[in-house]
Amino acid sequence: MALNGDDNDFFDWEPPTEAEMKVIQARKERQDKISKLMGGYLLKGYRMLGDCCDVCGTILLQDKQQKLYCVSCQELDSDVDKDNPALNAQAALSQVRERQLAAQAAAPPALPPAPAPELNEGPSTSQASVLVPQPRPEHCEGAAAGGRALLPLPAVPSPTTPAPTPALVPPRAPVSPQSPVIPPLLQEAEEAVLIKLRWATSQLQSSASLETSIQLCSLIASCANSLRSLKELSQ
Amino acid sequence: MGITALQQTTEEASSLGYGGSVPVGLMVAEMPPVECLHLDHVVQTVCALESVVLRSFGPEGGQVLFTRDTGQAMLSRSGARILTALRLEHPLARMVVECVLKHSSVTGDGSKTFILLLASLLRMIHKMACKEPNVSHTYTSRQTAEASTARHLADKILAFALEELDNLIAMGVIPYGCCLSWEDFTAKKHLSGPSNNDCVQKLLKSFFHSRLGRSHCDFISKLTCELLTHWKFKRDQPSLSLEFVNDNLDALHTPVSGFPISCSRLIEGQVIHRDFATPCPQTEQKAVKAAVFSGYLQPKLLNAGQVLQLGCGEQWMEENSKNNRSIVQFSAWTERSLECVFANLQSLGVSVILSAVKQSAAVLSLAAQAEMCVVECVSEDELSLFAQLSGATPVSDCWMVEPEHVATLTFCRPILLGAHRYVHVAFNDSEERVTVKPCSLVICGLGEGQTDQYTCAFRDAIRMLLSTWEPMGMTATTASKRTLQSTKSTSSHVDQIPNVPPFQQCGLQPGYVIPAGGTFEFLLHHALLQNGTSCSASDDIVTSGLAVSQLLANALLIVPRQIYSHSPRHFLQAQARFQTIIQNHSHPFSLVYKQEHSSIFGESAFPLEEDKLTKHRFEADVSAKLFMSDSGLESVSCKYQLLLAVLQCLSSILHVDTVLHTHTALHTQSRRLANTSWEGTDDETED
Numbered sequence: 390m391a392l393n394g395d396d397n398d399f400f401d402w403e404p405p406t407e408a409e410m411k412v413i414q415a416r417k418e419r420q421d422k423i424s425k426l427m428g429g430y431l432l433k434g435y436r437m438l439g440d441c442c443d444v445c446g447t448i449l450l451q452d453k454q455q456k457l458y459c460v461s462c463q464e465l466d467s468d469v470d471k472d473n474p475a476l477n478a479q480a481a482l483s484q485v486r487e488r489q490l491a492a493q494a495a496a497p498p499a500l501p502p503a504p505a506p507e508l509n510e511g512p513s514t515s516q517a518s519v520l521v522p523q524p525r526p527e528h529c530e531g532a533a534a535g536g537r538a539l540l541p542l543p544a545v546p547s548p549t550t551p552a553p554t555p556a557l558v559p560p561r562a563p564v565s566p567q568s569p570v571i572p573p574l575l576q577e578a579e580e581a582v583l584i585k586l587r588w589a590t591s592q593l594q595s596s597a598s599l600e601t602s603i604q605l606c607s608l609i610a611s612c613a614n615s616l617r618s619l620k621e622l623s624q
Numbered sequence: 014m015g016i017t018a019l020q021q022t023t024e025e026a027s028s029l030g031y032g033g034s035v036p037v038g039l040m041v042a043e044m045p046p047v048e049c050l051h052l053d054h055v056v057q058t059v060c061a062l063e064s065v066v067l068r069s070f071g072p073e074g075g076q077v078l079f080t081r082d083t084g085q086a087m088l089s090r091s092g093a094r095i096l097t098a099l100r101l102e103h104p105l106a107r108m109v110v111e112c113v114l115k116h117s118s119v120t121g122d123g124s125k126t127f128i129l130l131l132a133s134l135l136r137m138i139h140k141m142a143c144k145e146p147n148v149s150h151t152y153t154s155r156q157t158a159e160a161s162t163a164r165h166l167a168d169k170i171l172a173f174a175l176e177e178l179d180n181l182i183a184m185g186v187i188p189y190g191c192c193l194s195w196e197d198f199t200a201k202k203h204l205s206g207p208s209n210n211d212c213v214q215k216l217l218k219s220f221f222h223s224r225l226g227r228s229h230c231d232f233i234s235k236l237t238c239e240l241l242t243h244w245k246f247k248r249d250q251p252s253l254s255l256e257f258v259n260d261n262l263d264a265l266h267t268p269v270s271g272f273p274i275s276c277s278r279l280i281e282g283q284v285i286h287r288d289f290a291t292p293c294p295q296t297e298q299k300a301v302k303a304a305v306f307s308g309y310l311q312p313k314l315l316n317a318g319q320v321l322q323l324g325c326g327e328q329w330m331e332e333n334s335k336n337n338r339s340i341v342q343f344s345a346w347t348e349r350s351l352e353c354v355f356a357n358l359q360s361l362g363v364s365v366i367l368s369a370v371k372q373s374a375a376v377l378s379l380a381a382q383a384e385m386c387v388v389e390c391v392s393e394d395e396l397s398l399f400a401q402l403s404g405a406t407p408v409s410d411c412w413m414v415e416p417e418h419v420a421t422l423t424f425c426r427p428i429l430l431g432a433h434r435y436v437h438v439a440f441n442d443s444e445e446r447v448t449v450k451p452c453s454l455v456i457c458g459l460g461e462g463q464t465d466q467y468t469c470a471f472r473d474a475i476r477m478l479l480s481t482w483e484p485m486g487m488t489a490t491t492a493s494k495r496t497l498q499s500t501k502s503t504s505s506h507v508d509q510i511p512n513v514p515p516f517q518q519c520g521l522q523p524g525y526v527i528p529a530g531g532t533f534e535f536l537l538h539h540a541l542l543q544n545g546t547s548c549s550a551s552d553d554i555v556t557s558g559l560a561v562s563q564l565l566a567n568a569l570l571i572v573p574r575q576i577y578s579h580s581p582r583h584f585l586q587a588q589a590r591f592q593t594i595i596q597n598h599s600h601p602f603s604l605v606y607k608q609e610h611s612s613i614f615g616e617s618a619f620p621l622e623e624d625k626l627t628k629h630r631f632e633a634d635v636s637a638k639l640f641m642s643d644s645g646l647e648s649v650s651c652k653y654q655l656l657l658a659v660l661q662c663l664s665s666i667l668h669v670d671t672v673l674h675t676h677t678a679l680h681t682q683s684r685r686l687a688n689t690s691w692e693g694t695d696d697e698t699e700d
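Heads up: the sequence lines are chains A and B, in that order. Each residue of the first sequence is one higher than the last, beginning at 390 in the numbering used here. Each residue of the second sequence is one higher than the last, beginning at 14 in the numbering used here.
Treat the hints as calculated values from the structure; they're not laboratory data. Wrong hints could be hidden among the right ones.
As the list claims (entries may be wrong) - Straight-line distance between alpha carbons at most 16 angstroms, and here's what the computed EDC-like set of lysine to aspartate or glutamate pairs gives:
#1 B:Lys140 - A:Glu418
#2 B:Lys245 - B:Glu281
#3 A:Lys422 - B:Asp53
#4 A:Lys433 - B:Asp82
#5 A:Lys456 - B:Glu102
#6 B:Lys371 - B:Glu389
#7 A:Lys453 - B:Asp82
#8 B:Lys140 - A:Glu409
#9 A:Lys417 - B:Glu389
#10 A:Lys453 - B:Glu102
#11 A:Lys417 - A:Glu407
#12 A:Lys585 - A:Glu621
#13 B:Lys450 - B:Glu239
#14 B:Lys140 - A:Asp421
#15 B:Lys144 - A:Asp443
#16 B:Lys144 - B:Glu159
#17 B:Lys245 - B:Glu256
#18 B:Lys144 - A:Glu577
Whenever a hint applies, use it, and build me the whole structure from the sequences.
The structure is reproduced here in structure tokens:
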């Protein structure tokens, strides 16, 4: 029932692949969650407006204090960011696994799956060593390490060709992809905190006095807290 | 209007300090904001409404607690009430809620099921529209392609339903049902099989169960049955008496708050919801005569802004040389003429005056002197009911009171119901009137909100019964098909039923009920799938017809799925049970004949051949099993109307593709301003 199309496109249509089905399924679940949340808010007395959110297109709600509220932006994780490996560790991991599967024949026997990259860790070796080791750029730390290190690898074919939807395929071209959501200010703040963290760690290793150690430990803890809140801000 | 409204908007905007961001010159020339309605938005809106009503759906559903800022709280399960309480400014949501309310005002039930079916159909259409091969991968045209596919599908489903649905229901659902005939409503119980009186009460009981909860549904359904029995017009069609009750419901019930619901009862006669304006004399008389006045006894001549010119006759001028025409003398004259009216009334023996308007003080004092009681400001509905039941016409001209304006009552006395005193009248049995025993219902509830709920539930129950007995539509072709079938098989039986026209004999009589709990949906699902597969042609038109049947069939299953949502195992069990029952009946036409045969003749001693008798027993067993096992009944006609209403609503919301936000002079706020409070925007939707 192609109403607007010509016959060429009609015969070119293929059924959705497994990855596309996963995307469709995930989107359906997300929509169900949004509807459920919206229903709950309506029953709480929120007003359903006739407008849509600019960012995600969900219908806006307004509470009794006249504040606008978008269910998907403010409660659920964003649909797009979830799949962007530059921002999400899980997405990075899934992308790594997909590439591992692709390179299984040619690559060395699979290494144990990479642990979730921690914020305080130094340069993570497992992820980068699966494939051609890349010289680590100075600013690639933390969760973004895995994804970014793999980006400039065009030679590895992936078995599941994901459809060229903007949600799945990470931006391949630049090594330091700046997603539009994270302003560069947060990036700099992250780097500064990480540098301080590294300094504190090195100081801690070489310190002999109790007082200094305690203070360095508290410095490391507060660095970790600030990194966490920076991560939350950026999402 | 558009340009001036926009200018006002900008003035408001600038006055509130947002002027800096809004270039005034540009706003005037700009079009009002236009929003394109995508299929995703439609689905999202309706799914949000669905999640609101989902938790209260079904016999296991919960109640919604409504609270107000004043501290009032109320619990309700009624879908219409929940949906009206939501604050919705989205135009599509408002449109859907309006459709639901309109449907519910006709059938009295099914508002939650409406939303559920609508959401399920929309999701299926959305899925199907997204699967269609897309022209190009650019955003705009994909949306347009989806929207037009969806619209196309919705129109096809509606066309299919309008044409085929009643046949499918007649063949696939009605054979498993039971026809409630009104005449047997109050008759003695039939020994074999479920009696009809039981069935009507069961129908009401399952309705009240879903509306009011388990504890009181039995009691209220018995009370309603009693009321309907009293109001049965013996010689007329059943729907007439139901319609009568429905139209006069306001006059036939009295809500009383402060008592438990078990105090609800029936009162003989009519309760007029006003108190006596003059003290009611305690009369020992047997019969009381009453007159109804629709106007003023003492005409009001002086209203504000009017000028009264007094003149007098020559005779009077001669007698009174003083020649003063003052208003005092004029009003004295009117009072004297009033005395003549009262003398006339006394001669007719009238002791009660029912008036539609507030009478003047002179009338009241004269009435008190004459020992007549006056009831003022009686509502029109009650007066018309009174006139119908008593047979007396209201007096229009107080100078001409004739004996036919005088009604005879058995008694007329005050009655104390709750915190109010009302007037209680009872009518003499007169042969000219229809032989009904008028009675009035007193509905008690613990608080005002609860009493209101019970009253609404009662009103909706009457509407539901009314739509149960409404005949379902039928096309000419099916009628001829039916008569052919019936004349072939009922050769000797036709003369036994002289009054019933042949097509009615074939099971499309109104008043069919089936067991509740998703039975209708299961049976229709099966019938639709069978209908789809039976048209096995290979051209495009029929395959899309198959798709339509399948889509509708799958969408219908959401209702039983939600009813059994607390335990999916029961859903599967119910589905399996229906499959076996359906498969046990091979040929639908013979089933129709046999079922209606058994329901009409039932226990009569009609001679039957041996093999037919055993088949009868088998089918009676099956239907009896279905009735005994399930908890309640629901009306086939209501379900059919609900389905049609859902499909029509679906088709109309999918035809909307643009929303134009316009602002009238009252609502001068643009969409982005969040600080000022507002009543609501005026939205127009256009095709």
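Open item on the list: What's the verdict on Lys245 (chain B) and Glu281 (chain B), does the C-alpha distance respect the 16 angstroms limit or exceed it?
Closed with: Holds, at roughly 15 angstroms.
Keeping to a limit of 16 angstroms between CA atoms, is the pair of Lys417 (chain A) and Glu389 (chain B) held or broken?
-> 63 angstroms, violated
What's the verdict on Lys371 (chain B) and Glu389 (chain B), does the C-alpha distance respect the 16 angstroms limit or exceed it?
Judged against 16 angstroms, a Cα distance of about 5 angstroms means the pair holds.
**Prompt:** Given the hinted pair Lys422 (chain A) and Asp53 (chain B), is their alpha-carbon gap at most 16 angstroms?
**Reply:** 14 angstroms, holds
Pairwise hint evaluation, Glu102 (chain B) against Lys453 (chain A), where the allowed Cα distance is 16 angstroms at most
Since the Cα atoms of Lys453 (chain A) and Glu102 (chain B) sit roughly 14 angstroms apart, the hinted pair holds (cutoff 16 angstroms).
Margin query: For Lys450 (chain B) and Glu239 (chain B), compute the direct alpha-carbon distance and say whether it is at most 16 angstroms.
Written below: 11 angstroms, holds
Check: CA of Lys144 (chain B) to CA of Glu577 (chain A), is that 16 angstroms or under?
Finding: With Cα atoms ~45 angstroms apart, Lys144 (chain B) and Glu577 (chain A) exceed 16 angstroms; violated.
If you draw a straight line from the CA of Lys453 (chain A) to the CA of Asp82 (chain B), is it 16 angstroms or shorter? Within the cut-off at roughly 12 angstroms; holds.
- Message: For Lys417 (chain A) and Glu407 (chain A), compute the direct alpha-carbon distance and say whether it is at most 16 angstroms.
- Response: 15 angstroms, holds
If you draw a straight line from the CA of Lys144 (chain B) to the CA of Glu159 (chain B), is it 16 angstroms or shorter? Holds: Lys144 (chain B) and Glu159 (chain B) sit about 9 angstroms apart, inside 16 angstroms.
- Message: Need the status of pair Lys456 (chain A), Glu102 (chain B): alpha-carbon distance at most 16 angstroms?
- Response: Given that 16 angstroms is the threshold and the Cα spacing comes to 15 angstroms, the pair holds.
Is Lys140 (chain B) within 16 angstroms of Asp421 (chain A), Cα to Cα? 14 angstroms, holds
Of the hints listed earlier, those the structure fails to meet are numbers 9, 12, 15, 18, in rising order.
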